[in-house]
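Line order of the protein sequences matches chains A and B. According to numbering that gives the first Met the number 0, the first sequence is numbered sequentially starting from 0. According to numbering that gives the first Met the number 0, the second sequence is numbered sequentially starting from 0.
Honestly, I wouldn't trust all of these hints.
What the hints assert, rightly or not - Under the rule of at most 25 Å between Cα atoms (straight-line distance), these lysine-lysine pairs were calculated in the DSS-like manner:
1. A:Lys76 with B:Lys51
2. A:Lys147 with A:Lys67
3. B:Lys421 with B:Lys432
4. B:Lys432 with A:Lys128
5. B:Lys48 with A:Lys128
6. B:Lys51 with A:Lys42
7. A:Lys42 with B:Lys467
8. A:Lys241 with B:Lys352
9. B:Lys449 with B:Lys467
10. B:Lys339 with B:Lys352
To be clear, the hints were calculated from the coordinates, so they are not data collected in a lab.
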Amino acid sequence: MKQTKAIVIRTAGSNCDYETVHAFRKVGAEVDLVHINQIVNNKISLSNYHILAIPGGFTYGDDIAAGKILANEFKFKIRDQVEQFVADGKLILGICNGFQVLVKAGLLPEIQLDSDVQEVTLTHNDSGKFEDRWIYLKPTSKKCVFTKGMTEPVYFPIAHGEGKFIPRDDATLSRLKQNDQIVFRYIAPDGSQPDYPWNPNGSVDDIAGICDPSGRIFGLMPHPERHFHPTQHPHWTREGLKPEADGKKIFLNAVEYIKENF
Amino acid sequence: MGEICEEHGALVDLEKVPLKYEGLSYTEIWISEAQERMVIIVPPENERKIMKIFSEENVEATIIGTVTDTHRLQLRYQGNEVADLEMEFLHHGVPQITRKAIWQKPVISEPELAPTGNPGKILKQILSSWNVCSKEWVIRQYDHEVQGGSVLKPLVGVENDGPGDAAVVRPVLGSMRGIIISNGTNPKYGLIDPYAMAASAIDEAIRQIIAVGGSLEKIALLDNFCWGNTDKPDRLGSLVLAAQACYDIAKIYGTPFISGKDSLNNEYQIGDTSISIPPTLLISALGVTDDVTRTISMDLKEEGNLLYVIGDTKDELGGSHYLEILGLESAKVPAVDPVKAREIFQAISSATKQRLLRSCHDCSEGGIGVAIAEMCFAGGLGAEIDLSEIPSSDHLNQDDKLLFSESNSRFIAEISPENKEKFEEILRHVPHKKIGIVSAERRLQVTGIKKNLIIDEQIEDLKEAWQKTLRW
Chain A
0 MKQTKAIVIR TAGSNCDYET VHAFRKVGAE VDLVHINQIV NNKISLSNYH ILAIPGGFTY
60 GDDIAAGKIL ANEFKFKIRD QVEQFVADGK LILGICNGFQ VLVKAGLLPE IQLDSDVQEV
120 TLTHNDSGKF EDRWIYLKPT SKKCVFTKGM TEPVYFPIAH GEGKFIPRDD ATLSRLKQND
180 QIVFRYIAPD GSQPDYPWNP NGSVDDIAGI CDPSGRIFGL MPHPERHFHP TQHPHWTREG
240 LKPEADGKKI FLNAVEYIKE NF
Chain B
0 MGEICEEHGA LVDLEKVPLK YEGLSYTEIW ISEAQERMVI IVPPENERKI MKIFSEENVE
60 ATIIGTVTDT HRLQLRYQGN EVADLEMEFL HHGVPQITRK AIWQKPVISE PELAPTGNPG
120 KILKQILSSW NVCSKEWVIR QYDHEVQGGS VLKPLVGVEN DGPGDAAVVR PVLGSMRGII
180 ISNGTNPKYG LIDPYAMAAS AIDEAIRQII AVGGSLEKIA LLDNFCWGNT DKPDRLGSLV
240 LAAQACYDIA KIYGTPFISG KDSLNNEYQI GDTSISIPPT LLISALGVTD DVTRTISMDL
300 KEEGNLLYVI GDTKDELGGS HYLEILGLES AKVPAVDPVK AREIFQAISS ATKQRLLRSC
360 HDCSEGGIGV AIAEMCFAGG LGAEIDLSEI PSSDHLNQDD KLLFSESNSR FIAEISPENK
420 EKFEEILRHV PHKKIGIVSA ERRLQVTGIK KNLIIDEQIE DLKEAWQKTL RW
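Given only the sequences and the hints, what does the whole structure look like? Please build it.
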């Protein structure tokens with residue numbers, strides 16, 4: 000069994016790289032924080048890593064659309080490396096802006112970096128505003144490597160202006176459901192179907208995160224790395240510190256998957 | 000360049016500075032305030048390395064000059080010398096100007112305050128006022144949890160929407176040390192008494208740090224002066240008084256000013272009349288805590304817990320929200336007694352160190368009435384309060400004054416009954432009194448000094464009053 004190695008990719012405007020690196024390190028991965036140009040210029044090779052994470056932020060100022068420019072760098076500058084990474088059965092995680100990058104690059108809902116057609120997108124919240132708030136999520140996929148064993152609802156913060164998940168058409172949505180690719184759905188605190196603000200952005204079918212058909216590429220709008228430590232829970236001063244924070248399992252699952260498979 | 004090379008001297012070739020727009024003169028290049036630029040000094044042997052790092056991250060970096068040993072600022076443009084000044088003259092050559100400053104106390108005759116018939120209604124009006132109402136609309140729209148260090152968020156309580164006193168952040172994930180960030184300001188005091196206004200702003204910022212679990216041991220302050228045109232003697236007079244308060248209070252609290260900024264000349268001219276903003280000081284305070292798990296939030300936690308007021312409630316309604324609603328004025332702006340306040344802060348810190356408090360909230364705009372209302376609706380619990388118990392060295396005997404006086408250095412604290420004796424022992428040298436209990440009934444019920452029920456409001460109605468003004 001080799002040491003699990005994770006690469007967190009940053010560029011101008013990434014701002015959740017620090018906590019994403021911290022989360023992977025705490026669950027035992029060796030983590031490098033690397034500027035995208037280092038990969039584009041072949042200074043660092045993705046093949047040295049088992050897990051690739053794209054953190055939250057506003058890459059390139061979210062110009063054009065959130066995550067679009069970094070997505071194009073994946074499509075046009077490092078496509079071969081990324082395709083090989085996926086073909087090797089490795090893991091990719093995109094959080095918030097990273098999720099936006101994955102769907103716009105054609106890594107989600109299934110890998111098609113060469114396609115001009117985008118199957119799903121994340122667009123402006125129904126509220127028309129950036130919002131930072133905590134929401135409840137129900138894990139719904141048996142397939143996703145990152146949420147293995149998670150059955151109970153989790154509590155994570157969202158912090159985005161463009162998080163409304165929209166599939167291209169009904170057929171795309173049906174396919175996501177049939178293939179067990181819907182990983183997280185927003186729910187109300189009592190577990191029922193959510194209205195705003197519990198579905199904070201108007202996402203279709205309350206979808207907060209999806210994976211590819213293999214379950215190894217996962218993107219979500221909420222921030223599991225911001226509920227990694229019990230002091231991050233908004234109610235800890237009321238309810239006391241919980242032994243484990245909800246988000247930790249996602250990072251732990253990734254590292255354990257690599258240990259078992261590589 | 001002038002600042003960073005003050006000790007040695009600098010030679011700059013202005014034509015090397017990258018320009019956003021063509022056609023700037025060398026003077027414009029030198030004084031342009033274009034954003035997102037910074038100057039760094041690099042030893043010559045690191046030149047290649049550092050340029051490589053910038054180029055790898057698509058950051059434009061340009062070598063524009065060298066540090067010299069001439070103690071002069073020398074500027075060239077396309078080979079021609081365009082400036083040559085001694086650094087000594089540049090930094091210390093400005094002649095000191097003596098300006099005239101005057102301050103005249105405004106003449107305000109003290110109002111006759113008839114006891115209000117409906118303090119519940121007044122309370123809701125204060126909760127709805129601009130400076131008190133919920134700022135959720137703003138807070139939600141910035142990412143206040145970025146980098147994962149958030150321990151206490153700006154919005155707290157059972158529904159994540161109550162007004163937290165300060166934010167606590169762990170800048171180094173993995174360490175339990177944290178920084179506490181708060182601020183204090185009150186634009187309604189400055190026109191009446193700029194010294195008291197500045198002292199109150201400092202006191203507010205600091206007591207909010209104390210309220211969430213910090214201590215006076217490690218607090219630094221920043222000032223932000225927002226004033227009119229200080230070339231005018233009366234504007235300058237109020238600035239001098241405010242600056243004196245900053246000096247006096249910070250010395251006694253042992254909380255140094257580490258930085259600040261000013262925004263002067265805030266005046267608008269109509270014909271011959273020039274209207275100034277009210278002189279206003281915003282204080283930001285930054286504290287350090289060695290253990291973030293001692294942090295407490297302001298939302299009520301549990302039915303049956305005891306509620307205390309700590310600090311002295313005085314006849315200080317000048318500039319208060321209460322008088323504003325009544326359309327009255329008073330010169331009695333809340334003063335700060337920094338020696339007594341320091342004792343109060345130290346006592347509360349000592350109680351939070353021992354983890355005796357379940358919640359704590361400072362009293363500011365709207366006084367005890369607003370503080371308790373906020374604690375109730377943030378915690379989703381009610382409270383039964385008896386005003387006759389409130390310590391008052393002025394022997395206040397009017398319900399409205401006790402409820403809405405904005406005296407400084409006061410807190411409301413919630414403790415569980417089993418900590419009563421320990422808590423009172425810690426507070427023995429400072430004014431304090433148990434004034435009520437937390438109730439499961441979702442109502443704020445206040446008994447007046449004549450033992451009659453003067454407020455009986457549902458917490459949902461209080462919260463609605465507080466949220467409706469700037470509703471999300």
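Quickly compare the C-alpha distance for Lys147 (chain A) and Lys67 (chain A) to 25 Å and report which way the hint goes. Outside the cut-off at roughly 30 Å; violated.
Given hint Lys352 (chain B) paired with Lys339 (chain B) - CA-CA distance at most 25 Å: Holds, at roughly 20 Å.
Is it true that the CA of Lys432 (chain B) sits at most 25 Å from the CA of Lys128 (chain A)? Roughly 45 Å separates the two Cα atoms, so the pair is violated.
Satisfaction of hint between Lys467 (chain B) and Lys449 (chain B), Cα-Cα up to 25 Å: Violated, at roughly 33 Å.
Next pair to validate is Lys241 (chain A) with Lys352 (chain B); report whether the Cα-Cα distance is within 25 Å. Given that 25 Å is the threshold and the Cα spacing comes to 21 Å, the pair holds.
Given hint Lys128 (chain A) paired with Lys48 (chain B) - CA-CA distance at most 25 Å: Violated - the C-alpha atoms of Lys128 (chain A) and Lys48 (chain B) are around 42 Å apart, more than 25 Å.
Pair hint Lys421 (chain B) and Lys432 (chain B), alpha-carbon separation not exceeding 25 Å: Within the cut-off at roughly 14 Å; holds.
Does the structure keep Lys42 (chain A) and Lys467 (chain B) at a Cα separation of 25 Å or less? violated, 55 Å
Has the given pair, Lys76 (chain A) with Lys51 (chain B), been kept, meaning a C-alpha gap of at most 25 Å? OK: Lys76 (chain A) and Lys51 (chain B) at ~20 Å, within 25 Å.
With a cut-off of 25 Å on the C-alpha distance, tell me whether Lys51 (chain B) and Lys42 (chain A) pass. Given pair Lys51 (chain B), Lys42 (chain A) holds - Cα atoms ~13 Å apart, limit 25 Å.
Of the numbered hints listed earlier, those contradicted by the structure are 2, 4, 5, 7, 9.
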